[in-house]
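Novice: Since the structure of chain E is provided, determine the placement of chain G on it from the hints.
Going down the list, the protein sequences come from chains E and G.
Mapping of the first sequence onto numbering that gives the first Met the number 0: position 5 corresponds to residue 4, and the numbering continues sequentially without gaps.
Mapping of the second sequence onto numbering that gives the first Met the number 0: position 136 corresponds to residue 135, and the numbering continues sequentially without gaps.
What the hints contain is simulated information worked out from the structure, not anything from laboratory work.
Please read all numbers here as calculations on a predicted model, not as lab measurements.
Be aware that one or more of the hints could be misleading.
Claimed, not checked - Label-pair ranges, simulated between beta-carbon atoms:
(1) 5/G x 5/E: 43 to 49 Å
(2) 20/E x 36/G: 51 to 57 Å
(3) 5/E x 40/G: 40 to 46 Å
Built from N, CA and C at the ideal position, the CB exists for glycine as well.
In case you want the letters, here they are:
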Amino acid sequence: MMNCRQVTRLLSDSQEYELSLKYRIITRIHVMLCSGCRNFGKQLNLLREITRTYAKGKNESPDKSDK
Amino acid sequence: MTTDIQSDLSNPAFVAELRSQMLKYAIQRLPDEHLAEDAVQEALAGALKNAGSFGRRSALKTWVFSILKNKIFDIHRQRKYVPERSPDREESEVEDIQDTLFDARGSWQTDEQPANWSSPMAAVQNEDFWRVFETCLQGLPGNQSHLFMKREFLECKGDEICKSEGISLSNLHTQLYRARLHLRECLENRWFLKGERR
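Isolated chain E (complex conformation) (with noise of 0.2 Å):
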């Protein structure tokens, strides 16, 4: 069985690249059984996302989408 150390490695590394089978299988199951684990797993989702959003800056000041 995997630890929380090395699944959350596995989430990130699932950002970069397609895991193998094997792999989806296991993190899977661990999510599943672990509230931190899957939290965590949501919160890359959101990091990338909230980055891009401040990357792109679509919410810096308002009187620039007056223009």
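Specialist: For chain G alone, coordinates are given in the frame of chain E:
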């Protein structure tokens, strides 16, 4: 949005101000002013190639400074001015942080377990959130913020980053993993858990 940044960059006053902030930063970290000026010049030129990717001024600035930080680090490395401030030390600091998150068996420490973030995308509407985000990003150790930004701001592919930074893919993945661990923890502590209490 992009055009705003583009017009900023063709505005001499904006560029002059950015340049002087960079110079101030570099002078404090390099042994002489000429080195600092060269570093700023190079960093500015390098950064502006990607400027079109940014719609947010502070994001552009964070990016420019991460390039400058890298230039300064390179100069130190080449001149061997500060062998002690080597990645080794930073690596070990990072290890410590990872060890605080997980116990000896590799499970989350009870008080470090990631919490459920309530209405996370509502945060992006809030300017205070972006200040917290910047603080967390700039607080990442070593080269992590730079690599994370290249990957997530500029949406560079892994192999492109490896080529330009001269690191292996597995090293990149390790750095990104650590950056993500840090960043999510920082955002949770400084924003999402505080939000629950608000």
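Novice: It remains to establish, for every hint, whether it holds in the given structure.
Specialist: Do the hints match the structure? See the list:
1. 5/G x 5/E: 43 to 49 Å: holds (45 Å)
2. 20/E x 36/G: 51 to 57 Å: holds (54 Å)
3. 5/E x 40/G: 40 to 46 Å: Cβ of residue 5/E to Cβ of residue 40/G: about 44 Å, so the range 40 to 46 Å holds.
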